[in-house]
Every structure is written in structure tokens, then in C-alpha cells.
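In order, the protein sequences belong to chains G and F.
Position 291 of the first sequence, counting from 1, maps to 291 under full-length UniProt numbering, and the rest follow consecutively.
Position 187 of the second sequence, counting from 1, maps to 187 under full-length UniProt numbering, and the rest follow consecutively.
Mixed in with the good hints, there may be bad ones.
Straight-line C-alpha distance at most 27 Å; calculated BS3-like pairs for lysine-lysine [stated by the list, open to error]: (1) Lys-214(G) with Lys-115(G); (2) Lys-19(F) with Lys-214(G); (3) Lys-19(F) with Lys-115(G); (4) Lys-67(G) with Lys-53(G); (5) Lys-83(G) with Lys-67(G); (6) Lys-40(G) with Lys-67(G); (7) Lys-301(G) with Lys-118(F); (8) Lys-53(G) with Lys-71(G); (9) Lys-40(G) with Lys-53(G); (10) Lys-302(G) with Lys-83(G); (11) Lys-40(G) with Lys-118(F); (12) Lys-112(F) with Lys-301(G); (13) Lys-118(F) with Lys-302(G); (14) Lys-115(G) with Lys-203(F); (15) Lys-118(F) with Lys-115(G); (16) Lys-71(G) with Lys-40(G).
No wet-lab data here; the hints were simulated from the structure.
This structure is a prediction, so every number in the text was calculated from the model and none was measured.
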Amino acid sequence: MINSSSSGNMQRQLQRIGRNWGLYLLLLPAVVLLLCFTYKPMYGVIIAFKDFKPALGIMDSPWVGFKYFEKFFNSYQFSVTIKNTVFISLYSFVTFPLPIVFAILVNQLRANRFKRVFQTVTYMPHFISTIVIVGLMMILLSPGNGLIGSIYRLFGAEAPNLMGSASMFSSLYVWSDVWQHTGWDSIIYLAALSSVSPSLYEAATVDGASRWQKIRYIDIPMLIPTAVTLLILRIGGLLGVGFEKAYLLQNNLNISGSEVISTYVYKIGLLSSQYSFSAAINLFNTVINFTLLILVNYISKKYSENSLW
Amino acid sequence: MEAATKLALQPKKSAGSDKIMETLLYIWAVIVLIIVLYPLYFIIIASFSDPSAVGSGQVWVFPKGFTLDGYKELLNHSNIWVGYRNTIVYTVVGTLIGLVVNVSAGYALSRKDLVGRKFLSLFFIFTMFFNGGLVPTFLTIRDFHLYDTFLVMVLPFSVAVFDIIVARTFFRTGIPTELWEAAQIDGCGNLRFYAQMVLPLSKPIIAVLALWFAVGQWNSYFNALIYLQNENLYPLQLILRDILVTNQMQTALGTGEAAQIALRLANLLRYSVIIVATVPIMCIYPFVQKHFNKGVMIGAVKE
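Kindly produce the complete structure, drawing on both the sequences and the hints.
Spelled out as C-alpha cells, the structure:
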């Protein structure tokens with residue numbers, strides 16, 4: 001009885017699959033690409049536990065267990081890269097609320113024409129490439145003939161070499177990001193605010209609520225679900241200081257403050273071809289991020305209704 | 001009586017503090033505008049100025065010692081134009097591939113009657129949080145013989161799971177189930193329905209995803225740095241890296257008067273090349289702006 005009903009179920013499922021074959025065809029390109037270029041490399045991760053020799057291939061290279069993980073934990077670079085990565089991540093984490101504040105303030109701008117111009121202008125830096133941003137910073141912050149040099153000279157002072165300072169690296173990294181992306185990142189919060197029903201504000205006005213009270217009791221609660229989702233995603237990337245900008249901003253002078261996991265993985269793996277060592281460092285990084293994400297999502301699910309899945 | 005005066009007074013009082021708040025708000029907005037715009041404006045005026053005037057801090061508001069040498073110098077660097085051509089091709093082809101791959105996947109996943117929807121969604125979302133990392137991916141690309149080819153720039157990394165989720169959310173709310181049911185009764189298959197009904201109704205989401213892809217393609221340098229060796233395939237961004245960041249122009253110069261002139265040009269080139277590389281991609285945004293309404297953006301993170 002049970003058997004026949006489940007096989008009938010199965011048949012119905014198969015029928016539905018057959019009827020919707022077109023949908024599977026639409027999915028096919030994305031699935032094939034992911035299998036080839038994302039899932040296949042996941043299998044390649046086992047080289048982190050092997051002594052990978054390109055001539056032998058992944059399968060036939062000898063197993064070495066945790067040798068390369070130990071090598072990383074015992075190396076001088078371990079504490080430096082972890083410290084820099086965590087510090088820069090936490091630093092940029094602190095700037096997380098800025099797009100929210102930005103969106104709330106933009107939402108308060110009443111003059112529509114001005115508001116539109118303001119938004120367009122503040123979105124603009126988002127379209128500049130990382131290379132141009134770093135090039136801009138080098139031009140503007142050059143102590144010799146850059147803008148900052150000129151400003152210091154106005155006051156008769158000598159400009160510091162910000163680009164060559166290990167201790168300034170994190171600030172440059174974080175604040176240039178703030179400059180470039182705060183406007184753009186606020187879009188999503190502005191969208192959430194624009195879905196607030198006007199009658200809510202009207203009712204608040206009738207009740208004599210001040211502007212600040214409307215922000216406090218209408219706008220902010222409206223933004224919290226979006227903010228929590230983005231926050232969880234952000235924590236999942238806690239050990240993920242992006243390669244692109246860090247690598248470009250690096251130079252011999254600031255290297256002690258600018259070497260992060262992603263740049264180290266690149267140098268070890270592709271510049272000096274220590275494939276297994278690099279894969280081990282990378283895997284360590286990914287596992288920590290993944291664990292953090294699961295953990296934070298779990299906590300968020302437990303204490304609020306917000307969750308990624 | 002007392003209550004009445006209170007009521008009468010209240011709007012007046014809050015209007016006063018509102019006015020201060022309003023003023024502060026606009027002061028803030030103007031400061032933000034200056035902070036965002038001035039560095040960009042400075043690059044523009046510097047690109048038209050005598051580099052020695054820029055270097056000695058005489059250029060603040062208007063160009064000084066007006067010159068077009070920086071832009072003329074661009075013509076002498078054929079690699080910039082090769083890079084430009086490559087970037088345009090990568091951007092156009094990469095955006096088309098990205099749209100086909102991701103919009104289709106997003107639509108299929110939006111359909112409630114898709115068997116295995118949960119598993120497929122997980123299959124996609126998992127890749128957002130876990131990946132093989134740099135070296136295994138590099139080895140895979142090499143195994144597929146894609147290293148140092150045109151294709152590596154447009155095909156292997158064209159799946160963008162975040163974009164698929166955004167598209168899926170759009171289709172769920174934007175394409176009513178009844179539409180598909182009606183089409184089905186008329187004997188319309190999934191593919192024809194997708195091509196003739198869904199896509200024409202989805203211009204906003206296509207425009208937004210196209211913008212994301214185009215900007216990403218235009219600006220990225222990571223894949224080119226890792227997977228390209230042949231300079232004839234280099235995108236503009238890698239050429240820019242040589243000019244702006246690693247200063248390969250300047251270190252190759254040496255000394256003497258000829259070197260002085262070359263140094264001057266190299267300095268000017270840094271400004272003009274920024275303008276030429278950045279303006280085209282910024283010009284796309286206004287065309288897509290109207291689609292950035294709440295309908296598209298609101299579903300982006302939720303679900």
C-alpha cells in the first residue's frame with residue numbers, strides 16, 4: 001500500500017520533471033559552469049593534504065597529512081598575516097553602520113532635485129576601478145608632489161608618506177573603501193525606506209512625533225532586517241580582506257602592515273609555486289569564514305527571526 | 001485651556017528645531033559632496049595643467065598652464081588602445097554570457113513547480129560561502145586549457161549566484177503564476193514562454209544585472225593578472241596598473257633633459273589615462289538609473 005503510493009508519487013514527480021524539461025535546460029549552463037570551475041576546484045583542495053607535484057597530478061601525489069598546515073602555523077608569517085587580516089576586517093566592520101546612517105540622512109533631504117543630484121554624485125565613485133582608486137591615492141597622497149604635499153606645505157609642514165607607512169595601511173584601506181562605496185551601499189537601505197507607507201509618517205505627525213522620533217521609531221526598525229542579513233554576510237567574510245586592493249596598495253615600506261592572507265596565498269601559490277602550501281593556507285581561511293558564517297547565522301536565527309536560509 | 005495652548009505651541013516649537021536640523025542636514029550634504037567630488041575634479045584639472053604647477057601645489061580650482069599634452073601622449077601608447085579594445089570586447093561578451101547564464105537560472109529557480117528546487121538552490125548558494133581557493137582553481141583552469149586564452153576572461157567565472165538570487169526574487173514577484181498556467185493551456189512550452197513572455201516583462205532586472213556585469217568586467221583585473229600572460233590579451237586595467245601603480249613608465253627613464261621631458265609626460269599621462277579609462281563606464285549608469293527602483297532592489301537581500 002505504502003509502496004504503491006510512493007511509487008505513484010515518484011511517477012508523478014518524474015512526470016513533472018519531464019514536462020518541465022525546458023526549465024532544466026535553462027539551468028544547464030550555470031550548473032555546468034559551477035561544476036567545472038567551482039566544484040571541481042573544491043575537489044582539488046585535497047592538495048592541501050598532499051605534496052602536490054604537477055607532473056604526478058592530484059591523484060598520484062603523496063599524502064602528507066597536516067604538514068603544510070603545521071608549516072603555516074609555525075611560520076613567522078602566520079601571526080603577521082592573521083593579525084593584519086583580522087585587524088583590517090574588524091576596522092572595516094566598524095564602518096558597517098555608515099551606509100545606514102547615510103541612507104537615513106538622504107531620506108531626510110526634502111528638495112527632490114538636490115536629493116537626486118546628491119545620490120548620483122555619491123554613487124559615482126563606486127564605478128571607479130580598484131586600480132584607478134589606488135592610482136588616485138598614490139597621486140593625491142604623494143608627500144612630494146601630491147595634493148596632500150601641497151596642503152601640508154600651505155601650513156609650512158612636511159607631509160608624511162602615508163602610502164609607505166605600515167601603521168597607516170589599514171586606515172587607507174578602510175577609509176578609501178568608505179569614500180568609494182558608502183553612497184552605493186546605501187541604495188539597499190534607501191529601497192527599504194522607500195517601502196515605508198507614507199500613512200505611517202502621517203499618523204506619526206498627527207501624534208506630534210518629531211523628526212528624530214520618526215527616524216527612531218519608524219526608519220530604524222524598518223532597516224533592521226536588511227541590516228542583519230548584510231551583517232551576517234559580512235561576518236562570514238571576516239577573514240576575507242580582498243586581494244585586489246590590498247595587493248595594489250602593498251609596497252616594501254608598508255609590507256609588515258599590509259600582508260594579509262589573500263596576498264600571501266597569491267605570492268606563495270602563484271609567484272613561488274608552492275601549490276600545496278598555498279592551498280593549505282587558503283583552506284584554513286575558508287574553513288574559518290565558513291564556520292563563522294554558520295555560527296552567526298545560527299545565533300541570529302535563534303534570537304531574532306533573521307536568517308540567511 | 002492649558003492643553004489647548006500646548007497644542008497650539010507645539011508645531012511652532014518643533015518647526016524651530018526642524019529648521020536647525022534641516023540646515024545641519026544640508027551642511028552635511030554639501031560637505032559630503034565636496035569630499036566625493038573634489039578628488040575627481042582635481043584629477044580633471046590636473047590632466048589639463050602643467051605638471052610642474054600641479055607638483056608645486058598651484059593647481060586648486062582651475063587648470064594652470066593649460067595643455068593637452070597628456071591626452072596627446074595617450075596616442076603614443078599603443079598598448080593602452082589594445083587594452084581598451086580588449087576591455088570593450090570582454091565587457092560586451094562577458095555581459096552577454098553573464099545575462100544568458102544567470103537570468104535563465106534565476107527564472108528556472110523561481111518556478112515553484114521545479115522538482116528539486118531546494119537542492120538546486122543549495123547547490124548554487126553553497127558556492128557563495130565555500131570555494132576551492134586560488135591554487136586549485138588555477139590548476140583547474142589550466143587543465144581545461146583555458147590559461148592565457150580569450151575565453152578565460154568571459155566564461156568560467158560568469159556564474160554570479162547573488163545575481164541569480166536577485167533575478168529569482170524578481171521573477172517570483174513580477175511574473176504571476178496565472179500567466180504561466182494560461183500559456184500552458186494554450187500549449188505554450190517553457191522555453192517559448194520564457195523567451196516571448198518572461199524576458200519582455202523583465203527589462204528592469206536585465207538592465208540592472210547588465211550594469212553590474214559591465215561594471216565588474218570593465219573594472220576587474222584579478223582574473224587577467226592570474227590567468228593571462230600574453231600582453232595582446234591584457235585588459236585596460238592591467239595596462240593601467242603599469243602606468244598608475246607600479247610606475248613602470250618612470251623607472252625606465254634614466255636621467256638627463258630628455259628624461260625630464262619624458263617624466264613630465266609620464267606624469268601627465270597618469271591623469272589623462274584615469275579620465276579616459278573611467279568616464280565611459282560612469283556614463284552607463286544614468287541609462288540604468290531609472291530601473292534601480294525599490295522593486296528590483298528590495299528583494300536583493302531578503303530570501
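Hints, verified against the model:
A distance of roughly 20 Å separates the Cα atoms of Lys-214(G) and Lys-115(G); the hinted pair therefore holds under the 27 Å criterion. With a C-alpha separation of about 16 Å, the suggested pair Lys-19(F) and Lys-214(G) falls inside the 27 Å cut-off, and the hint holds. Simply put, Lys-19(F) and Lys-115(G) have alpha-carbon atoms about 18 Å apart, close enough for the 27 Å limit, and the pair holds. A C-alpha spacing of about 15 Å is found between Lys-67(G) and Lys-53(G), which places the hinted pair at or below 27 Å, so the restraint holds.
Between Lys-83(G) and Lys-67(G), the direct Cα distance comes to roughly 22 Å. Compliance with the 27 Å bound is thereby established for this hinted pair. The hinted pair formed by Lys-40(G) and Lys-67(G) meets the criterion: a straight-line CA distance of about 23 Å does not exceed 27 Å. Of the supplied pair hints, the one linking Lys-301(G) and Lys-118(F) holds, its CA atoms being roughly 19 Å apart against a limit of 27 Å. Of the pairs offered as hints, the one joining Lys-53(G) and Lys-71(G) holds, with about 18 Å between alpha carbons and a cut-off of 27 Å not exceeded.
Restraint check for Lys-40(G) and Lys-53(G): the C-alpha separation of about 18 Å stays at or below 27 Å, so the hint holds. With a CA separation close to 31 Å, the supplied pair Lys-302(G) and Lys-83(G) exceeds the 27 Å bound. Under the criterion of a C-alpha separation no larger than 27 Å, the hint pairing Lys-40(G) with Lys-118(F) is consistent with the structure, at around 22 Å. With a CA separation close to 25 Å, the supplied pair Lys-112(F) and Lys-301(G) stays within the 27 Å bound.
At most 27 Å may separate the alpha-carbon atoms for a hinted pair to count; Lys-118(F) and Lys-302(G) meet this at roughly 22 Å. With a C-alpha separation of about 26 Å, the suggested pairing of Lys-115(G) with Lys-203(F) holds against the 27 Å cut-off. Our distance criterion of 27 Å between C-alpha atoms is broken by Lys-118(F) and Lys-115(G), whose separation comes to about 42 Å. Distance restraint check for Lys-71(G) and Lys-40(G): the Cα-Cα separation of roughly 26 Å lies within the 27 Å cut-off, and the hinted pair is therefore satisfied.
Checked against the numbered hints given earlier, the structure breaks hints 10, 15 and satisfies all the rest.
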